[in-house]
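Under the working numbering, the residue at position 245 of the sequence shown is numbered 640, and the numbers go up by one with no gaps.
To be clear, the hints were calculated from the coordinates, so they are not data collected in a lab.
Hints should not be assumed to be uniformly reliable.
Distance condition first, Cα-Cα at most 20 Å in a straight line; then the derived EDC-like pairs of lysine to aspartate or glutamate [stated by the list, open to error]:
id, residue 1, residue 2
1, Lys398, Glu419
2, Lys428, Asp417
3, Lys712, Glu728
4, Lys409, Asp397
5, Lys875, Glu801
6, Lys831, Glu651
7, Lys721, Asp737
8, Lys732, Glu711
9, Lys812, Glu728
10, Lys875, Asp854
11, Lys732, Glu651
12, Lys741, Glu710
13, Lys738, Glu728
14, Lys712, Glu801
15, Lys402, Glu419
16, Lys831, Glu711
17, Lys420, Asp397
18, Lys816, Glu728
19, Lys474, Glu651
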Amino acid sequence: MDKFILKFVLFIVKFFLKKDVDFEKLKIITQTKLLLDRRRVRVAMKQKTEKEPKNQILVTLVVYAIMGLMIGFAILFFKSIIISMTLFHTYILFMMAMTLITDFSSVLLDTTDNQIILPRPVNSKTFFVARLVHILVYLLQFTIALSLFPIIFTFAIFGFLVGIASIATVLLTVMFAVFITYLLYILILKVSSEEKVKNIISWFQIAMTIIFAAGFQIVPRLINVDKYLNATMPIHWYTYLLPPFWMAHTLQAIQELKADIPHIIMIVCALVLPIFTFWIMIKFLAPSFSKKIAALGNNIADDKIIKTKNSIVLEEKLSPILCTNKAEQAGFELTWKMTSRDKSFKIQFYPSLAYLVVFAFVFVFKNGKDFANTWNNLGASSNFLWFVYLPMFTISAAISLIAFNENFAASWIYLSKPIYKPGSLISGALKTLLLKFLLPIIIILFLFSYWVWGYKIIDDFILGLFNNVIIFLLLSIFGKMHLPFSMQPSVKEQTGKFVQIIVQMILIAALVGLHYLALKIWWLVVLLIPVSAMCCYFLFRTIQNYSWQKISN
């Protein structure tokens, strides 16, 4: 399939530029990149015990096709061609831009090609277009998977002409998404180094995952479907600035044979602007982007040295205060640094924090139903208990995540030191998670709860903090004990958490129930605080005293 798409993309590029790009070299470079991609997949499958899917691209395409099927049902649901086509093309534009930013950022910013290709007689535009074609081959595969079902629904509902035209508008939307993404990269590269760009992309991935996770749960609960079923979208001045509206009104003009001024403007925008911006990108942005890529990595080391010298190392100041021995300090500082630097940990952990908003919306605000009444009566309820214990539903995920790291082989250093009780390394790591993640969230939720319920919830939050620590430590004790970042990431090791989730829910339910009963007697909450604190102390001591026989590595 990629060979056919490669021929199609090369034909399109050749149509735009006939003299500026050496097409023989372009074809060789792109074919070599695709060949290396196939070999790279085979290398990843070298371990017999932990096989990856035979065709990871095929799995991705199936997922995209399922997502496209949902958009197809939305087209079937909405009766207005404007609403359904605007939704469809917005989704295509967003997903393609997201795919470029997240999945292909390493390809766009790859500097390994510089040493091989740049010394050869390959001009900057050919070098740039080779990257572009390489990405477009995959991007168009994703586009086909994502738009297949929506286009089939379009043929069935709006007719043959609209269906054929929708194929063209989808391709034009992809072209515009590519232009927007490259323009964004060039703007970022003008003010940032390679490392900063990668950090920006990582945080963008995290932010979009959080938005998706929260939005997927909350938005459907807020939408009144009946209200939008037969709605219409009149043309306003701002619709001329939005590409999905260009495509939707173009398709409406074809279906209803409209030729008024607004629709003619939309048709011109839909046909001309994506092609023009794509030409601008190859003609003028290519040299600038290639120069930026060539210059990447020259002064990264200097930036890191300066940053290290001038930064205040907070964890090194906190560890002697919070830890009882040198091994625990080492576990504390290592985990603090790794959770700040490890991209894999951040991408897996931070999106789970989005479910704090989801759980609060579902349990406290009752799915947004009669929101005003719920808000007005919030201060008279006991719903603050949800804010006390909700953090543990998400923070507990970090316990298993800190055991895994791609550089797990470096954990040999644990065995090179005379550490007789490695449990101290684990307790230090757990203290980092509690201080760095649980405590700030508890403080934020406390400030909100104090604003709503007043001073009467102070003792409840203190008790809840210690109870959360108890739950956290018990989950760690009941689970597998791994030294921090000492395990190889694998599907086999990171699955099978159902039992842990059940135990977590039982523990939270038990402590929430006990806390709720204690609310009936005001002094009982105060009495339980030192009891809970002592339990935390003994649980920490238990983990610290773990011997090598207890470690699951």
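Hint by hint, where does the structure go against what was stated? Just the numbers, ascending. 6, 7, 10, 11 and 14
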